[in-house]
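Student: As you go down the protein sequences, you meet chains H and F in turn. Residue 196 in the numbering used here is what sits at position 196 of the first sequence, and the numbering runs on without skipping anything. In the numbering used here, each residue carries its 1-based index in the second sequence increased by 1000.
Read the hints as simulated data drawn from the structure, not as lab findings. All residues carry an ideal CB built from backbone N, CA and C; glycine is no exception. Take these hints with a grain of salt, some might be off.
Said to hold, decoys possible - Facing chain H, from chain F, some residues (calculated, C-beta under 10 Å): (1) I1006; (2) K1008; (3) N1010; (4) Y1015; (5) K1195; (6) G1196; (7) F1197; (8) F1202; (9) T1203; (10) T1204; (11) P1205; (12) A1206; (13) R1207; (14) M1357; (15) S1359.
As the list claims (entries may be wrong) - Simulated pairs of lysine to aspartate or glutamate, EDC-like, Cα-Cα distance not exceeding 16 Å: (16) K1008(F) / E95(H); (17) K1012(F) / D130(H); (18) K1195(F) / E89(H); (19) K1012(F) / E95(H); (20) K134(H) / E1013(F); (21) K129(H) / E89(H).
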Amino acid sequence: MNAVQTFKLTKKFNGLVAVNGVDLEINKGELFSLLGPNGAGKTTTIRMLCCLLKPTKGTASVLGYDVVKAPFAVKKRIGVSPQDTILSERLNCWENLALIGRVHGLSSDEVARRSKELLETMGLMERAKDQVRKFSGGMKRRLSIAMALVSDPQVLFLDEPTLGLDPQARRAIWEYIAELKGKKTILLTTHYMEEADFLSDRIGIIDEGRVVALGTSQELKTNLFEMRSMVVSTENLTAEVIADLQSKYSRLEKVKGRLKIYHKDLDFKGIVDYLHSRGVTVYSAALEQPTLEDVFIQITGKKLRD
Amino acid sequence: MKFWEIGKRNLKEIYRNPVLLGFLVGMPVAFMLVFCAAAGGGQAGPIAMSIADEDRSQNSSAFIQYLGSVDAIDLNEPIYSEESQAQDDLENGSISLYLLIPSGFGEATRTQQAINLELVYKAADPMIGLQLKPIIEAVGSEFLGVAPPLNVELKGTESKIKNMAVNFYFPGIAVYGLMILISTAAGIIAGDREKGFLARMFTTPARPWDFILGYSLPFIPVVIVSTLIYLGVGMAMGLTIVGNLGHAFLLFFLIGLCSIGIGMIVGSLVKSESQTGVSWIFIVPMAMISGAWFTVERMPSAIKSVAGALPFIHAIDASRAVLNGSSFSAIILDLYWLIGWAVVLFAVGIVLFRRTMVS
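Using the sequences provided together with the hints, build the complete structure.
Tutor: Put into structure tokens, the structure is as follows:
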């Protein structure tokens, strides 16, 4: 039995299709990421799996329990960290954790024990007695994840767990999530490709409500991304040369003063020689591994942050 | 006991929020001070009243004499024997109101039948009549041992009332103050919905009744404290409690529960805290037609029927009667009505809340 399974899962809002026939099978203990831009349908999918939204069509089950027919059986077994860091602002960490733990039916002793573990793991113990409205975004996010974990759920839903955080705070949360790998089934949504790449066992790329690609990060890059890319640092690059390269190769980008060229059969030496022949100074040139963003652009024709 | 956990959280959110706490505690104090001050504050002089005695019996004379002994009433001379004479004097402005004792008064007192007395006053000055009405009811009941004209059985003596205006206004003001809990209770739910906190809680195994009870519980102490404040400030401003204080407290507590129940319904229906403002469309008209500020006696029968179907008028009338000396048996129907409303409102709140848990 899969931990999470959806079949033709669809959600429409006043005729607008937010999720369009999504089929997912997430294994127990797997960390699965739904990667897609804002508005792709990631949060709507999670909200249906958490029994907050009723699917317009299709079915979904969590640990074998149908989200429509047995919502409370599902809710007993899941932990959710929503996209917006929603906490009870005038409660402290202990109280926020106790609220969720006790509502899940844990005893006071069990809640206290789990809370202590989680506050230590999340590095919040020093501020545990402060009202959380005084916390930074990163601290709130860590507490939000701790709240999702306090009931020791079998399945964890993390909706954009690092949204809006600085790189240091994001990295810290990645480490916490990575520690959970294999212990919990995790469905994570993100529009940060590095996050999906770093954390996930498997990734589903979602766009306009459809899962357009599914696999491990490596599978997606090698199987789906046929093009190779190279980055060249240059000087004296003229518009004429750029236009000429654009006509010859599939895609051309200027990134931070560097030129990035994409093509299926990339002729590394031929490009460098051509640039020299046109009087362009080449400081460095290197072949690059494709990224998930490259995969996404190839599949959807747009950038993740569009 | 999931509701208990939700309730504890909401209580902490309230008492750790100084603005909200200040509003909930300060509002009853300010409310009572302003209204009681407007109603005259401490001692007030007696009201001059004329009498038209069409019965002219021994009993009616004794009743008039009894009325004359009440401090709050200054009986005008002479006593009219025909109502037409009193009407003439009322029209020409020589008197401001008169009490009509109809023929058959003495017979009715002997046979223990209900008696209807008419207090006739100038339309331009209704407040004096409104102020006198409860006094006459109380004195009449005390004198007769029955309940004219509203079947209110009174045992206390209206003469104990220090300030009849305060005694008239107090129940309405207190009930109106408790009605404000409608918007406050609705605002807490709507605020949590707007911020997404409810959505987070909806992913837990808590049931609809856990939420309704959990969001209602913190307001129970608010109702108790508010009622104590109303009573305390009211007494300081001249409220006289002739009847049983506990019965009055029970009535205020029940109307507080009804207000919370309505708040739960409003909170279940609206999507944001700002939308809870719609509850005022309900609160103010309901307070008006329920006699919070004016007597309902002269309102059209259709309006009275609407008001009578709602809980507020029962709380106001019954608490007015209790404060003026009515016994528990006189308010028992009002109590049943309030309990029934509270049960229905919470049941409807739970049903509506269930619908909001999945969209």
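Student: Verify the interface restraint on I1006(F): the C-beta must sit less than 10 Å from at least one C-beta of chain H.
Tutor: Status holds, d = 7 Å.
Student: So, as I understand it, the hint says F1197(F) touches chain H; can you test that by seeing if any CB pair is closer than 10 Å?
Tutor: Holds, about 5 Å.
Student: Taken at face value, is the distance from the CA of E95(H) to the CA of K1008(F) at most 16 Å?
Tutor: Cα-Cα ~10 Å, so holds.
Student: Decide if the proposed pair is consistent with the structure: K1012(F) and D130(H), CA atoms, cutoff 16 Å inclusive.
Tutor: Holds, at roughly 13 Å.
Student: So, as I understand it, the hint says G1196(F) touches chain H; can you test that by seeing if any CB pair is closer than 10 Å?
Tutor: Holds, about 4 Å.
Student: Given Y1015(F) as an interface hint, is its Cβ closer than 10 Å to any Cβ of chain H?
Tutor: holds, 9 Å
Student: Does the closest beta carbon of chain H sit nearer than 10 Å to the beta carbon of R1207(F)?
Tutor: holds, 7 Å
Student: Straight-line Cα separation of K129(H) and E89(H) no greater than 16 Å?
Tutor: holds, 12 Å
Student: Would the hint on A1206(F) stand, with a C-beta cut-off of 10 Å toward chain H?
Tutor: Because about 5 Å separates A1206(F) from the closest Cβ in chain H, which is inside the 10 Å limit, the hint holds.
Student: Measuring from the C-beta of N1010(F) to each C-beta in chain H, is the shortest one below 10 Å?
Tutor: holds, 9 Å
Student: Is the hint on T1203(F) kept, meaning its closest Cβ partner in chain H is under 10 Å away?
Tutor: Holds, about 4 Å.
Student: Would the hint on T1204(F) stand, with a C-beta cut-off of 10 Å toward chain H?
Tutor: This hint holds: T1204(F) lies near chain H, its Cβ roughly 5 Å from the closest one there, short of 10 Å.
Every hint, counting from the list given before, is met by this structure.
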